[in-house]
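Single-letter residue listing:
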Amino acid sequence: MRAWTVLLAALVAPACSVLALELGEDVPGERVLSFEVGRARRAEVLEELGPPVRVAAHGDGCALLYEHVRLDEGQFGLSFESLGRALGMPWLSWIKLSLGNSDARHDVGLLVFDRQGVLVGRAVGEWQEVFGKGASVQVLVTVDQVVDAGTIREAPLALGWGRQLLLPLPVGLNLAHRADLEARGTGSKAGQRSLELEPGAGGR
Amino acid sequence: MGRALRPAGFAILLLVALAGCIHSDSARGVEPRWEELGPDAFVRGSTTRSEVLERLGPPSQILSLAEGTAFYYLLETTRARGVILVLYNDRGERTRYSRAVFFFDDQGTLTDFAVSRPEE
Chain A
16 MRAWTVLLAA LVAPACSVLA LELGEDVPGE RVLSFEVGRA RRAEVLEELG
66 PPVRVAAHGD GCALLYEHVR LDEGQFGLSF ESLGRALGMP WLSWIKLSLG
116 NSDARHDVGL LVFDRQGVLV GRAVGEWQEV FGKGASVQVL VTVDQVVDAG
166 TIREAPLALG WGRQLLLPLP VGLNLAHRAD LEARGTGSKA GQRSLELEPG
216 AGGR
Chain B
102 MGRALRPAGF AILLLVALAG CIHSDSARGV EPRWEELGPD AFVRGSTTRS
152 EVLERLGPPS QILSLAEGTA FYYLLETTRA RGVILVLYND RGERTRYSRA
202 VFFFDDQGTL TDFAVSRPEE
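Those protein sequence lines, which keep their order, are chains A and B. Taking our numbering, I'd label the letters of the first sequence as residues 16 to 219. Taking our numbering, I'd label the letters of the second sequence as residues 102 to 221.
Don't read these hints as lab results, they were simulated from the structure.
Have a look at the derived ranges for each label pair, beta carbon to beta carbon:
hint: 1; chain 1: A; residue 1: 75; chain 2: B; residue 2: 142; range: 24 to 32 Å
hint: 2; chain 1: B; residue 1: 156; chain 2: A; residue 2: 131; range: 23 to 31 Å
hint: 3; chain 1: A; residue 1: 35; chain 2: B; residue 2: 129; range: 16 to 24 Å
hint: 4; chain 1: A; residue 1: 101; chain 2: B; residue 2: 120; range: 24 to 32 Å
Away from chain B, derived, C-beta distances all over 12 Å, residues of chain A:
hint: 5; residue: 44
hint: 6; residue: 53
hint: 7; residue: 95
hint: 8; residue: 99
hint: 9; residue: 102
hint: 10; residue: 103
hint: 11; residue: 105
hint: 12; residue: 110
hint: 13; residue: 120
hint: 14; residue: 144
hint: 15; residue: 147
hint: 16; residue: 182
Built from N, CA and C at the ideal position, the CB exists for glycine as well.
Generate the whole structure from the sequences, applying the supplied hints.
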């Protein structure tokens, strides 16, 4: 009886992991909206908000993007060590089942300027979403994300600027029309970048 | 009594033996010379494109604008910390961007700029 109790306890003994990822600094939404369209100048905005996370040419002028992303992932794991021993299958002890759930919070501020450096538009976005859910089987103790956060983690465009010249043709041809200011997590299944989809590749 | 403690003691020993920690730092981008120089090293209407290049080196990105050009410098640093206690694991990762942006007119004279301050 005692052996079965111990076995049951080991089977259901859960483990949990908490993973957090934070990119960038807080976006001061109220300050972004405080700049008056048609009057505020780029120098004034840069002075107050500092350098943007992304900058891009936009029409005759340019656009500045400020962004902050926080990703929280919780994992729940089960170990099969005792079960493996009881069944005479020791290899089971190396396996860990993980279930993950990830939430993302985005804060984005966008400011658009004309050729003279005068503000012609600004917007602020704050939203929270269930970024994904997933499950994995990992060996022993492996603390890694179960939910694919690749689109959030991808390197800033500025760091791959020279490398863009070597991209495959569907992507390279589309560069001139690519929205350099897209927020992290934006997919390529719809919109301008859907031109980069390749049959069977599932897009970038 | 000794026998009763044996499995519990073994379990505790196993948990301690399997405990671990995560500690990693990484960086990618250009050297953040703007942090040492500070904003006073650049003057609107006076500093030229070649002076910025001389002081900061090649930018991460060059933008071609209708009014002129813009240089964008970026250093991405990531710090990860965590503990592995088997039954409870915690991992936090924080990425910060040190950056500088410079706008020039078609004569190559600085019109607007901003630089990140060093993180305290």
